[in-house]
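My request is simple: use the sequences and hints to build the entire structure.
Which chain is which? The protein sequence lines are B and Y, in order.
According to the numbering used here, the stretch in the first sequence is residues 1 to 325, in order.
According to the numbering used here, the stretch in the second sequence is residues 1 to 322, in order.
Mixed in with the good hints there might be a few duds.
[As the list claims (entries may be wrong)] Below, computed lysine to any residue pairings styled on SDA-like, alpha-carbon distance capped at 25 Å:
1. K19(Y) - G87(B)
2. K19(Y) - Q88(B)
3. K295(Y) - P276(Y)
4. K119(B) - E135(B)
5. K119(B) - Q88(B)
6. K19(Y) - F149(B)
7. K19(Y) - P61(Y)
8. K19(Y) - E152(B)
9. K19(Y) - H151(B)
10. K119(B) - R105(B)
11. K119(B) - G87(B)
12. K19(Y) - P150(B)
[What the hints assert, rightly or not] Here's a subset of chain B near chain Y, in silico, CB distances under 7 Å, partners left out:
13. S14
14. G156
15. A196
16. A217
17. A273
18. I274
FYI, nobody ran anything at the bench for these hints, they're computed from the structure.
Virtual Cβ for every residue (Gly too), placed ideally from N, Cα, C.
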Amino acid sequence: MALLDVRDLSVTFSDHHGRRRVVDGLSYSLDAGGSLAIVGESGSGKTQSALALMGLCGPTADVGGSVRLDGRELLGLPWPALQQIRGQRIAMVFQDPMTSLNPYRRIGGQMTEMLTLRKGLSADAARTECLEMLEAVQIGDPSNRFTQFPHELSGGIRQRVMIAIALLGRPDLLVADEPTTALDVTVQAQILRLLADLRRAMGMATLLITHDLGLVAGLCDEVLVMYAGRPAEQGPVDDVFARSLHPYTRGLLHSVPRLGRDPGRAPPARLQAITGSPPAAGDAGPGCAFAPRCAYRFGPCDEKQPEFAAVAGSRRVACHLESPP
Amino acid sequence: MTLLGVEDIDVVYPGRSRKDMPVRAVDGVSLTVDAGQTLGIVGESGCGKSSLARALIGLAPLSRGEFRLGDSIVRAGERRWPRRLREEIQMVFQDPVSALDPRMPAWQIVAEPLAIHRPELNAGQRRERSMAMLDRVGLTADLAMRYPHQFSGGQCQRIAIARALVVEPRLLICDEAVSALDVSVQAQIVNLLAGLQDELDLAILFISHDLAVVHHLSQRVAVMYLGQVVESGTREQVYGLPAHPYTRALLAAIPDPARLELPAVLDGEVPSPTDPPGGCRFRTRCPHAIALCAKSPPPAVAVNGHHAACHRRDELTRPAPG
Ligand SMILES: Nc1ncnc2c1ncn2[C@@H]1O[C@H](COP(=O)(O)OP(=O)(O)OP(=O)(O)O)[C@@H](O)[C@H]1O
Ligand code: SF4
Ligand SMILES: [Mg+2]
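Right, dumping it as structure tokens:
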């Protein structure tokens, strides 16, 4: 049985403007210790799809479908039960650690209370465990960090602290939403390496959410590409990147400038850009959400939403084309 | 032919209070941009790349040194700012939306600088030029009537570019101008800049933390670290035969969809510019640092016009025997 099984997940926001389905028909599963990256451009619904797993989309959201953790349905669970799952089974790390840390409290206090309040550990035991965890995320001189405030830490150290806090509950699943987007490229490389090491050492599953295709291959085995709230394509990372089945995935891969094997050589004069800009999730018409930008669009594309169907090689794609472009 | 020549400039921000140390954000930077060419500047946060750009348009203090563009010269400490420069250097910033006046339709945003720099034009002519420039950046006449909130981020950046180019500057500075855009839209703007450069014979100073985008757009590249240029040369030199350990670390850290292994890791983070390490500023993170690196700052040595400031350049870049 899969650790996490997501079926036909949808998130719909309602306000006085009406209803907007920002996540629609999202399905995937993740085995214990497995790794999946959800990739998409801004507004494609990546964050909402992750928040939905833990009932964090807020009061104006209507979440549909099914989210099973070890076979147990999470959607509709009462708040205290979800709270417990969030502390111990599923943990989350966000892009900007400053918004998740309390700026007025020392790191030590913020960390230990996770264990004293939630797990009932003594202050001493909590302190020992927290210091160990700071060491596990490769923070030097942890007892000194304990006495510091969040603003005294560099961006990279803050993100390490957030990861340490997330791991205190020894989760089975770590959800990381753009964990390195705010960081410099050399620090980003450090955090990616750390996440990969921790994943191996602790055997936890990883759900990485990112807009950066470049981050996916090093950290995850599977990738799911989202467009306008819907899944476009899914499969093993190397297969999807080597032979993408969806015109959008192809377009994305051609859009990123690449250094290639010989960076001393001049690049092609122009990038192969996709025309137009991505719609906000939920704004697509009745057909394929990508149709207005797609070079392969034909008859059915504007009328019917393509199904997210399984194809050979444990891959799935939502496109009307008979064979890949 | 050299268009922009920057000579040994510093940008120093005074401390906010008496306790605060002044910050030397740019420390002895020299560089040149040739007419019709792009110089890319790469570096991590706090390396001074934006301060450098802002000093060239008078938005940051030019504390030492001088720069010239064509016949105009600006020296540190001079109060007078050559009038022509305000028109000849234009800049496009990272956040396209906040750079545009929300109360004006696109054509008016683009026409506005003409009222200052081209007083000889009447209102009709200004509008005409604005519409032509918008068309050139890919926004049709019907879109020209719309207001900023009706545009996507990519379209707003097109408007910002049109506004910068409408006065026909000789140098366009792009400070992280494509960084906030979605990948698929970023590619369009990168292509637009490359196309405009060809058509208008424009010189571009392209500042970005993204080494792959800089590689794509620039003929020459300068790598900055803690306020200084540590390496510069042609794209082929800097990317093909990087001579500074920091450049090599940056190149190794570039995420790429085709790379299955994780990028190489450089320890630590950029130290604070208020108190940079003595000697070579990169030594606290450099895997090759030796005692000499702490003692004296390495001079920037040029080999075939390829500058690098590293004490160990020769031994580290010598091809492996065999
Ligand atoms: N509380 C809310 N009420 C209404 N709409 C919302 C709410 N939160 C998010 N949305 C909308 O849902 C859509 C998906 O948002 P989401 O944050 O999941 O995208 P994302 O893929 O994570 O984007 P990014 O890359 O910018 O983080 C967007 O159009 C967003 O405006
Ligand atoms: S369904 Fe049609 S429009 Fe959509 S991606 Fe496939 S070919 Fe393009
Ligand atoms: Mg998000």
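Here's how the hints hold up against the structure:
1. K19(Y) - G87(B): Given that 25 Å is the threshold and the Cα spacing comes to 43 Å, the pair is violated.
2. K19(Y) - Q88(B): violated, 46 Å
3. K295(Y) - P276(Y): Roughly 14 Å between the alpha carbons, so the hint for K295(Y) and P276(Y) holds.
4. K119(B) - E135(B): Holds: K119(B) and E135(B) sit about 21 Å apart, inside 25 Å.
5. K119(B) - Q88(B): holds, 10 Å
6. K19(Y) - F149(B): holds, 21 Å
7. K19(Y) - P61(Y): holds, 20 Å
8. K19(Y) - E152(B): holds, 17 Å
9. K19(Y) - H151(B): holds, 19 Å
10. K119(B) - R105(B): holds, 20 Å
11. K119(B) - G87(B): holds, 10 Å
12. K19(Y) - P150(B): This hinted pair holds, its Cα atoms lying about 22 Å apart.
13. S14: violated, 23 Å
14. G156: holds, 5 Å
15. A196: holds, 6 Å
16. A217: Given a least distance of 5 Å, the restraint on A217(B) holds.
17. A273: holds, 4 Å
18. I274: holds, 4 Å
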